[in-house]
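Asks: Go by the hints and put chain B onto chain A.
Sequence order for the protein chains is A and B. Just so you know, the first sequence maps onto residues 1 to 118 in this note's numbering. Just so you know, the second sequence maps onto residues 1 to 138 in this note's numbering.
In short, the hints are calculated from the structure, not lab data.
Dumping the calculated DMTMM-like pairs for lysine to aspartate or glutamate here, alpha-carbon to alpha-carbon at most 25 angstroms:
#1 Lys117(A) - Glu79(A)
#2 Lys117(A) - Glu52(B)
#3 Lys117(A) - Asp78(A)
#4 Lys117(A) - Glu82(A)
#5 Lys117(A) - Asp46(A)
#6 Lys117(A) - Asp42(B)
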Amino acid sequence: MPPTRCTGTGRPPAGPVVPTSSPPPHVVVAGHQRDQQGFLALLGLDRSRVVVGSVGWEYERALCVGDRLVGVRTVVADETREGRAGAMRLVTLETEFADQDGTVAVRQREVLIERAKS
Amino acid sequence: MRRPAAGHVGTRPEPARIGPVTQTDIVRFAGAGGDFNPLHHDPAYSAAAGFERPIAMGQLTAGLLAAWLTDWCGVENLRRYDVRFVAPLLIGDTVELAGEVIGIEPLSAGTGLAELELSASRDGDTLAGGRATVVVTF
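The following block holds chain A by itself, in its conformation from the complex:
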């Protein structure tokens, strides 16, 4: 089978290029390999009340075997809203994953919800 070229504006790694076979959202794994306790402490979140409300990914190109990505995560919003069970906190995070050339390959946006205390 001929090598499959990755698409988009970013330059894929050198050599025959094969898209990764894992599901497209898999960059989210990077967040789990960080210091999660430190992350929760930094934002003052109670893990037992945190759920993920939504996540989105924007792909400049498919990720390929051999890619080396660096992700930078930024808090872009931190809001409190009144829900049926009380005040909820919504924290929006954006992560840009840049490849070996420094070109952004994937952007991820997620909203964490800290549910009201029961």
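Replies: For chain B alone, kept in the frame of chain A given last:
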């Protein structure tokens, strides 16, 4: 690059059913992804958090839906994927994956960017809703 899938407004990729989801599936996913939040494997912890039994990671649902989508369109043709979690996927659930092209914006001769509405549901109840933008031929 693989040829994009053929699509037009109203195209529905063949729906899929996956499950029943087991605790083993959830633990395997935790091992692969690194999400060891006890909500997903500790019955006492999840009960204290208000769930009747451990819940699957939202990312498990998102991953199933995305894998189903890209099996149809090819991962290199995916431009955007958004998912909103509505209800937790529980152990024992069977999840139904479906979607429909709701719009197409021409890209170049014979190809376009298709907007799809996606859903992961259980017995007709939505667990997650989503949108995706993919390159298609038409």
